[in-house]
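> Residues per chain, in single letters:
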Amino acid sequence: DAGVIQSPRHEVTEMGQEVTLRCKPISGHDYLFWYRQTMMRGLELLIYFNNNVPIDDSGMPEDRFSAKMPNASFSTLKIQPSEPRDSAVYFCASSFAGFQETQYFGPGTRLLVL
Amino acid sequence: DQQVKQNSPSLSVQEGRISILNCDYTNSMFDYFLWYKKYPAEGPTFLISISSIKDKNEDGRFTVFLNKSAKHLSLHIVPSQPGDSAVYFCAAVRTTSGTYKYIFGTGTRLKVLA
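Quick mapping for you: the protein sequence lines, in order, are chains A and B. According to our numbering, the first sequence is numbered sequentially starting from 167. According to our numbering, the second sequence is numbered sequentially starting from 10.
Isolated chain A, as found in the complex (with noise of 0.2 Å):
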């Protein structure tokens, strides 16, 4: 298996523009994640789905961040409109299922708003 999938590893934008994030978990995978990856924080979980179906979104930092997961294949992070304080690495893992399973992580997108 190729692992988590994320793309682009690189964005930069223009304070106000938005931003799309995607990842495709690990086939079979029940369970998907998005962190968000700062200096002064560490890693945040923002959002975790189950079978699709979002569980706890009380990480979003506002209303600006959605996620929405489609399909078991497919998920996108959305920052809408974006800001400078957003610039982060954000993070996207996939588990088997429950939270003793191991989280197999993304290699990652590199924001930077300007």
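Errors might be hidden in some of the hints.
Said to hold, decoys possible - What the simulated footprint calls covered on chain B by chain A, stretch by stretch (three residues with Cβ under 8 Å from a Cβ of chain A suffice, anywhere in the stretch; the number is not a length):
no.	stretch
1	22-30
2	110-116
As the list claims (entries may be wrong) - Residues of chain B clear of chain A, computed beta-carbon distances all greater than 10 Å:
no.	residue
3	Q15
4	D33
5	K63
6	K65
7	G69
8	H85
9	V87
10	G92
11	D93
12	A100
13	K120
14	L122
If you're looking for bench data, these hints aren't it; they were derived computationally from the structure. Where a beta carbon is used, it is the ideal one built from N, C-alpha and C, also for glycine.
Since the structure of chain A is already known, use the hints to place chain B on it.
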């Protein structure tokens, strides 16, 4: 409110010696703890985990110790190797009403000197 803290941002250890990475938490309701390793430009990878009902878990060179009374978690790497140089994140998981809360520390950068 940082519920999971890694107070040492960096650590240097000589090759062959023991590396001890520490993590403190504030919430006694966490069910599970995990350690992840992260190389630059890559996503975190799972290392080892421990349930809150145990006090030790060992996997090869890696051992995790849990001291619930002190709300303290540590990862021991023996012997340390240059390839262990990475950022290490501890994470705590809490189940609440069927949902999972993952909280990560800010990471400790380990450098193993040859």
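> The structure should be examined with respect to each hint, and the outcome stated for every one.
Hint-by-hint comparison with the structure:
Coverage of a stretch by a chain is defined here by at least three residues with a beta carbon nearer than 8 Å to that chain's beta carbons; for the stretch 22-30 of chain B and chain A the count is 0, and the condition is violated. Counting residues of the stretch 110-116 of chain B whose CB lies closer than 8 Å to any CB of chain A gives 7, so the stated coverage by that chain holds, three being the minimum. Residue placement check: B:Q15 does not keep its beta carbon more than 10 Å from all beta carbons of chain A (closest about 8 Å). No beta-carbon of chain A is positioned within 10 Å of the beta-carbon of B:D33; the least distance is around 14 Å.
Even its closest Cβ contact with chain A, about 12 Å, leaves B:K63 beyond 10 Å, as expected for a residue assigned away from the interface. Annotated as non-interface, B:K65 keeps its C-beta farther than 10 Å from every C-beta of chain A; the closest such distance is 17 Å. With a least beta-carbon separation of about 16 Å from chain A, B:G69 lies farther than 10 Å from that chain, consistent with its non-interface assignment. Its beta-carbon lying about 20 Å from the closest one in chain A, B:H85 satisfies the requirement of being farther than 10 Å from that chain.
Taking the minimum C-beta to C-beta distance to chain A, about 22 Å, the non-interface status of B:V87 holds against the 10 Å cut. No Cβ of chain A comes within 10 Å of the Cβ of B:G92; the nearest lies about 19 Å off, and the non-interface call holds. Every CB of chain A lies more than 10 Å from the CB of B:D93, the least distance being 18 Å, so the non-interface label holds. In this structure B:A100 is not separated from chain A by more than 10 Å, as the shortest Cβ-Cβ distance comes to only about 8 Å.
Taking the minimum C-beta to C-beta distance to chain A, about 18 Å, the non-interface status of B:K120 holds against the 10 Å cut. No Cβ of chain A approaches the Cβ of B:L122 within 10 Å, the least distance being about 24 Å, so the stated non-interface status holds.
In terms of the numbered hints stated before, the structure departs from hints 1, 3 and 12, listed from lowest to highest.
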